[in-house]
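Trainee: Protein chains in written order, with the numbering used here: chain A, 1 to 373; chain B, 1 to 72.
Everything labelled a hint here was simulated from the structure, so no lab data went into it. If you're wondering where the values come from, they're calculated on a predicted model, not measured in any experiment. Please note that the accuracy of each hint is not assured.
[Claimed, not checked] Below 20 Å or equal to it, Euclidean Cα-Cα: the simulated EDC-like pairs (lysine to aspartate or glutamate) are: (1) A/K268 - A/E225; (2) A/K278 - A/D251; (3) B/K53 - A/E60; (4) B/K53 - A/D223; (5) A/K373 - A/E60; (6) A/K130 - A/E89.
[What the hints assert, rightly or not] Where chain A lies over chain B, by a calculated footprint (3+ residues, C-beta under 8 Å): (7) 3-9; (8) 17-23.
Ideal placement from N, C-alpha and C gives every residue a C-beta, glycine not left out.
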Amino acid sequence: MSDLSALMKAPGAGLEAEDDFERINSLYMEKGWGDGLPIVPPTAARVEKMLAYCDRPLDEPVTLLAPRYGAATPLRLAANAVMAGCKPEYFPLVTLAIEALGDERFNLYGVNATTHPCTTMIIVNGPVAKELRMNSGHNAFGPGNQANATIGRAVRLAMLNIGGATPAAGDMATFGTPAKYTFCAAENEDASPWEPLQVELGFSRDTSTVSVFGAESMHNMNDHESITGAGLLKMMAGVVAATGANNLYFDGAPAFIFGPEHAATIAKDGYSKTDVKKYLFEHGRVPLGMLSDENIERRIRQWPVFNGAFAEAGLDRLVPVMKSPDNAYVFVIGGAGKHSAYVPTFGATHPVTLPLKTHDGRLAKSVAEFRRK
Amino acid sequence: MCELRKRGLVTAVIYSGPFEKLGRNQARTFGVPELPLVEITHPLGGLALADVKGRAAEAAPQFAELVRKHAS
């Protein structure tokens, strides 16, 4: 990989250090180049192996990462993917997630720099999730799966090291969230009674996609008693209809992660995804009187998102958390159990979904297509 | 803000204490490390209108001074 050798000779591209795990980790911690957990030292040899699964020019930015607007080149991303513990074949998904974060709709500056405890939730769809043995079932967001854990961590490390989202300097989160270490899973498409996320968004089922959300940690929705779709949706609308979440005040797009058992019950009663979204839009509303006087005045009556719709409203008027049914993102993840999850977002952010394509624009069926010639 | 500064207009970023580092980093990122930062007492959120006016009163003379310096 001759172009890599040339790039590595550029000033600041690398540093000389003894290849010793403890010493390199001490150095990285001291420099603030990480997330506080031990990293895999990104030696030139390891970075080169990572880049074996990259068909892009190594020094051409995939995007600029806010708040520093650092150039996220494949070379830099590969170093962060090594640090995170990624296998090289995961790298096309890391790169694609980073590309999605650069989309203006995502508002990466806001998501990274805000005091709000949001981070990037990454959802993978399509055949590549199985190819990489990603977890979409039990504990998909929990520990135990290398792809889920390290793809999410690599993206977060890139935001810290390239984007400058460092605590109290570029990331002003009041207290943050453990989801800032990693927050990544695949949709359990086989267990879904509905079309998977990428199909709903207009891609074919055999297209692999990465979706990014400027998300809070998830809020569980437990219901072991409801045996009808209407019952489950009523419970879920109650979770949405809460004060204090950013989605109430912004035109944002929260995610609803349905456990397979809840999804089956709801679908059995004839609810399509569109029906689910419509129900949650219509019933996930907060009575104006639940808010404090100051919030009613400043965040509802005078707030631009509502365009004066509640200027004179009585305290029993219902304020929609989602400003349109289409703002809801619905997908299925998980194993057995009567749980689903609501994932509120930063609010001033919209999810972005990108298809996995090779550099020459072909839809990729496998990560093998990214292997460097 | 940085673009306006580059065009020669008098500009400043108003910040409350904990956000100084973010403000300085952003000014550097956008190529205007000398962008004036006007400090007000933290916090700005969660204040009654009278207190918000108090914060504005802290910022106003600092900004007036910037304008005077620019004019001289």
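Trainee: State for each hint whether it applies.
Mentor: Hints and how they fare:
1. A/K268 - A/E225: holds, 16 Å
2. A/K278 - A/D251: holds, 16 Å
3. B/K53 - A/E60: Since the Cα atoms of B/K53 and A/E60 sit roughly 48 Å apart, the hinted pair is violated (cutoff 20 Å).
4. B/K53 - A/D223: violated, 48 Å
5. A/K373 - A/E60: holds, 18 Å
6. A/K130 - A/E89: Answer holds: A/K130 to A/E89 is near 13 Å, not above 20 Å.
7. 3-9: violated (count 0)
8. 17-23: holds (count 4)
In terms of the numbered hints stated before, the structure departs from hints 3, 4 and 7, listed from lowest to highest.
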